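Undergrad: Heads up: the protein sequence lines correspond to chains A and B, in order. Residue numbering for the first sequence follows the UniProt record's numbering, beginning at 1 and increasing consecutively. Residue numbering for the second sequence follows the UniProt record's numbering, beginning at 1 and increasing consecutively.
Take the hints with a grain of salt, since some may be wrong.
As the list makes no split between identical chains, a pair holds if one copy fits it or if it spans any two.
Claimed, not checked - For lysine to aspartate or glutamate, the following EDC-like pairs were computed, each having C-alpha atoms within a straight-line distance of at most 20 Å:
#  : residue 1 : residue 2
1  : Lys-171   : Glu-181
2  : Lys-58    : Asp-321
3  : Lys-171   : Asp-186
4  : Lys-432   : Asp-381
5  : Lys-58    : Asp-118
6  : Lys-287   : Asp-310
7  : Lys-287   : Asp-186
8  : Lys-171   : Glu-188
9  : Lys-58    : Glu-122
10 : Lys-432   : Asp-410
11 : Lys-287   : Asp-305
12 : Lys-432   : Asp-144
13 : Lys-432   : Asp-413
14 : Lys-432   : Asp-383
Derived from the structure by calculation, the hints contain no laboratory data. Since the structure is predicted, the reported quantities are computational estimates derived from the model, not experimental observations.
Protein chains: 2
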Amino acid sequence: MFGAMGALGLAPAAVATPATAFTPPNPSDFTLSGRSARTVLVLGAGIAGLTTAYELGKAGYRVTLLEGRGRPGGRNWTVRGGDTETDLNGETQRVRFADGQYMNAGPGRIPQHHVTMDYCRELGVPLEPFVNQNANALLYYTGDTAVSNQAVTHRAAKADVYGYVSELLAKATDAGALDGELSADDRESLIEFLRDFGDLGNSTGDDAAANLYLGGSGRRGYDVAPGAGLQSGTVSPAPALGDVIASGIGREFSFEFGWDQAVMMLQPVGGMDRIAYALERAVGPAKIRYGATVTGIRTTPTGADVDYTDAAGVPHTATADFVVNTIPPHLAARIPHNLGPAVTTALQAPRPGATGKIGLEYSRRWWEEDRRIYGGITNTDLDLSHIWYPSSGFHGSSGVVVGYYNYGQDALDYAALPHSARRSRAVVNGAKIHGDVYGRDITSSFSVSWSATRFSEGGWVGWADQEGPDYRTLLAPQGNVYFAGDHLSHAIAWQHGAMTSARAAVTALHERVMTS
Amino acid sequence: MFGAMGALGLAPAAVATPATAFTPPNPSDFTLSGRSARTVLVLGAGIAGLTTAYELGKAGYRVTLLEGRGRPGGRNWTVRGGDTETDLNGETQRVRFADGQYMNAGPGRIPQHHVTMDYCRELGVPLEPFVNQNANALLYYTGDTAVSNQAVTHRAAKADVYGYVSELLAKATDAGALDGELSADDRESLIEFLRDFGDLGNSTGDDAAANLYLGGSGRRGYDVAPGAGLQSGTVSPAPALGDVIASGIGREFSFEFGWDQAVMMLQPVGGMDRIAYALERAVGPAKIRYGATVTGIRTTPTGADVDYTDAAGVPHTATADFVVNTIPPHLAARIPHNLGPAVTTALQAPRPGATGKIGLEYSRRWWEEDRRIYGGITNTDLDLSHIWYPSSGFHGSSGVVVGYYNYGQDALDYAALPHSARRSRAVVNGAKIHGDVYGRDITSSFSVSWSATRFSEGGWVGWADQEGPDYRTLLAPQGNVYFAGDHLSHAIAWQHGAMTSARAAVTALHERVMTS
Chain A
1 MFGAMGALGL APAAVATPAT AFTPPNPSDF TLSGRSARTV LVLGAGIAGL
51 TTAYELGKAG YRVTLLEGRG RPGGRNWTVR GGDTETDLNG ETQRVRFADG
101 QYMNAGPGRI PQHHVTMDYC RELGVPLEPF VNQNANALLY YTGDTAVSNQ
151 AVTHRAAKAD VYGYVSELLA KATDAGALDG ELSADDRESL IEFLRDFGDL
201 GNSTGDDAAA NLYLGGSGRR GYDVAPGAGL QSGTVSPAPA LGDVIASGIG
251 REFSFEFGWD QAVMMLQPVG GMDRIAYALE RAVGPAKIRY GATVTGIRTT
301 PTGADVDYTD AAGVPHTATA DFVVNTIPPH LAARIPHNLG PAVTTALQAP
351 RPGATGKIGL EYSRRWWEED RRIYGGITNT DLDLSHIWYP SSGFHGSSGV
401 VVGYYNYGQD ALDYAALPHS ARRSRAVVNG AKIHGDVYGR DITSSFSVSW
451 SATRFSEGGW VGWADQEGPD YRTLLAPQGN VYFAGDHLSH AIAWQHGAMT
501 SARAAVTALH ERVMTS
Chain B
1 MFGAMGALGL APAAVATPAT AFTPPNPSDF TLSGRSARTV LVLGAGIAGL
51 TTAYELGKAG YRVTLLEGRG RPGGRNWTVR GGDTETDLNG ETQRVRFADG
101 QYMNAGPGRI PQHHVTMDYC RELGVPLEPF VNQNANALLY YTGDTAVSNQ
151 AVTHRAAKAD VYGYVSELLA KATDAGALDG ELSADDRESL IEFLRDFGDL
201 GNSTGDDAAA NLYLGGSGRR GYDVAPGAGL QSGTVSPAPA LGDVIASGIG
251 REFSFEFGWD QAVMMLQPVG GMDRIAYALE RAVGPAKIRY GATVTGIRTT
301 PTGADVDYTD AAGVPHTATA DFVVNTIPPH LAARIPHNLG PAVTTALQAP
351 RPGATGKIGL EYSRRWWEED RRIYGGITNT DLDLSHIWYP SSGFHGSSGV
401 VVGYYNYGQD ALDYAALPHS ARRSRAVVNG AKIHGDVYGR DITSSFSVSW
451 SATRFSEGGW VGWADQEGPD YRTLLAPQGN VYFAGDHLSH AIAWQHGAMT
501 SARAAVTALH ERVMTS
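If we strip away everything but chain A, and leave its shape as in the complex, we get (with noise of 0.2 Å):
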């Protein structure tokens, strides 16, 4: 690919491939073998069943998806102005979000180099940044230390760490501690890189502070900013090293270094759901039973059996040459089956964890005007983990901050309450990371809980073992039904792990009815 630059050893450090090579199904599969088309039954239109349908399509498979909701996507979830939503709690809520606002309940973001990518490229899906990372966004940590229980910069957050760190081990380096470890040349050079990875002695040119931090940088963030004439800016002072360190500020740091999150991340214009109507659209949304329950599934000597009610009420059993099954597993584990109890113990192994968010809309970006975060994520150990602020209409006359993006015990705790109560609860302590404003101007609001949404009953599954016998049972097909999801990936959670899974189920039928 790289030519001659190969040869040399001067190709370019190597890429990911989005995931395994897929080569998807083609009608001259059939043309040129003598063989036909076969009909297949994919059980719920969520991103892997969408994209098995689509995969299957391309080859001219008749398939027909049967799906619970009355929308595609899923977990693949926008909600906008005039969408109502009846949680399992039966508490039903109408989304009054002002028109164009949104808030994507499941998947927020899409990595550069995850599959989902292909999918919107392939079908036309506009993207726009998604901001993952902001300097200007918060931390707000409880604790006993000089910089808990207040709303600490990212920025700020970053430049005491590290600054303290490389002081560290600058002195540790000079004191001969890693005599052991380095040579002399590889000391000066770790010393030179510490010196401005921690901003080390920047405001004297004394020899002695050479290697200390002694904060005051811009890197803190400035209390006035620099400007005309001789404002060249003031920053408060540093905490000291061990209130930087007891608190755990950088306790999340490593977020932004992880291969699924780090920047730079995606999201469609619009609303992730951009990506579920897209591939309704090539699937044809004809194909697609919405307010389908599946109640029944049989493999069969010729193919197979589902069972299912419609919208309203009345049962059906449909059949096929085959059956996709990308309903989650541990609501798959209820529906009877005659595929035998391995397969209902394998369904049953993966346990889905409980999350949640809540948008709140507001009238004014008082975010943007008043704090200078335009995007991003604030961190904080109280219930609300993560708050993050919209990614695009920046200077607009509204915007949806999710006021809480957590998981576990705290989104089990939200759970609990009526919307009400999870948005009071939100506003409390949000204002204590933001001040009173944070209860201020609020016009609407919605919020989902994974763990109490009918067809989902959590956000995503976890396994104990994903490469012991449950997980492998269900990557295997089960007489005529083959079973795909993000719980069959090592990318659960994210469309990618779905999209995956959905082409390894394609690959695996496909190259069945090949050499069958």
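Assemble chain B onto chain A, guided by the hints.
TA: Below, chain B alone, put in the same frame as chain A:
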């Protein structure tokens, strides 16, 4: 502002004011005091000149701008298909970018906290993210280590540097080298931080390895990405500690921590000159005389006279109560005036620096398709210095990459070449980083050398002493002539500097009018 929370010490971290508080002149200042608005000649319709005219205009000052170029904005210059430019070497380039494609030849990014953002809001200039940091962008440094002379992702470099730095500090801490600096609790907190920050001991449960950087985690990036089924992803092994340290691969990490450069950054939708044209509209285009080259400036007992030639070469003299001179100081120093030799000396003091960019328009967005780089910056010690990938238009049919953005001697070297040779040289060097793809599918190109650009003759200036007498001379009015521009601020090379300096001149001039 935050009520009781402030009293409890719970107010959010300070957010820098964008600049010293500024109150625009107001028409009522005149009506209430019986004074009348004065006339002002503003020299230069760059960002400082436009801002000066805009703010004075709010109170009714009768302002005329004299601008040498045929457009507003000065160095805020967006080149698009159809534009032509003749440089001081005498070469004329005609821009052939496709519709919708552009390059910001001058400023390309705006920090969240700059006053530039306030003008965008006030003037209704739509903004979108500028991608200033991307884990998938590259580092390429020459040298003699195992990681030199090849492209390394920011992602992998960070994983390796942070991994080894953490390992070294953890070892030194464990060895007791920091017992004099840290309490036992702090040492434990520090080690906990380092294990997470450096991803230490990641692939084993072995206690002996708990403080070792073992590489192999997804933070480095995958050769085969995690996906369906049993595909948990494969990672290339990390280079050795000595190579990572000696390579200096982390030499530019601190860029991301800078006050002005830390994410998140923004850009106007469609080009930086949307700001210049919005200001032009707000000022009133009829008040700007384009093609006017200033040839003389005189303060007089009753105001000031300015000689200039118009686009046809016809000489004129304009008179006003005041002049605000925003012409770059090294150019203003050459214009005859009667302000005394100290002013000439002061204008000569700041030295202009060279900088340049080339825009390479490709008919295929290979950096996205092949390399999964959606915006961001590649750094190199090759003479390109930086490569910028476009922050918008993702998945489009074409795109403009900034093939180099360099300074100093590198910029002078390119400035000395005709455009075709600049392009060849940029492609040869870019191919070292990106492979042969860098030279394919280029449909057009345009390069700017600011040192060879008329009315600029440099990118921005540097002062030897920004608190010294020369600087202060230009901060004070000289008779009825004021000076403004980014060179008179602590935000040189930023529009923020030009705008805050303009505001300072406006404030001083208006105060004088109101108290005289």
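Undergrad: None of the hints should be skipped; say for each whether it holds.
TA: Now for the hints, and whether the structure bears them out:
For a Cα distance limit of 20 Å, the shortest separation of Lys-171 from Glu-181 qualifies both inside one copy, at 15 Å, and across copies, at 10 Å. For the homomeric pair Lys-58 and Asp-321, the shortest alpha-carbon distance inside one copy (17 Å) is at most 20 Å, but the shortest distance between copies (75 Å) is not. In this assembly of identical chains, the alpha carbons of Lys-171 and Asp-186 lie at most 20 Å apart whether taken from the same copy (15 Å) or from different copies (16 Å). For the identical chains of this complex, Lys-432 and Asp-381 are intra-copy neighbours only, at 12 Å inside a copy versus 46 Å across copies, given an alpha-carbon limit of 20 Å.
Taking the shortest alpha-carbon separations for Lys-58 and Asp-118, only the intra-copy value of 16 Å comes in at or below 20 Å, while the best inter-copy value is 50 Å. In this assembly of identical chains, the alpha carbons of Lys-287 and Asp-310 lie at most 20 Å apart only when taken from the same copy (14 Å versus 70 Å across copies). With identical chains, the CA atoms of Lys-287 and Asp-186 are never at most 20 Å apart, being 64 Å at best within one copy and 61 Å at best between copies. Proximity of Lys-171 to Glu-188 under the C-alpha cut-off of 20 Å is found in both arrangements, the shortest distances being 12 Å within a copy and 18 Å between copies.
When the C-alpha separation of Lys-58 and Glu-122 is checked against a cutoff of 20 Å, the pair qualifies only within one copy, where the shortest distance is 13 Å, while the shortest distance between copies is 50 Å. Taking CA atoms no more than 20 Å apart as the test, Lys-432 paired with Asp-410 passes inside one copy only; the shortest distance there is 17 Å, against 50 Å between copies. In this assembly of identical chains, Lys-287 and Asp-305 lie within 20 Å of each other by CA distance solely inside one copy; the values are 17 Å within and 78 Å between copies. Within a single copy, Lys-432 and Asp-144 get their C-alpha atoms as close as 16 Å, which meets the 20 Å cut-off; across copies the closest is 52 Å, which misses it.
Taking the closest pair of Cα atoms, Lys-432 and Asp-413 come within 20 Å of each other only inside a single copy of the chain (19 Å); across copies the shortest separation is 55 Å, beyond that limit. Taking CA atoms no more than 20 Å apart as the test, Lys-432 paired with Asp-383 passes inside one copy only; the shortest distance there is 12 Å, against 49 Å between copies.
The structure does not agree with numbered hint 7 stated previously, though it agrees with all others.
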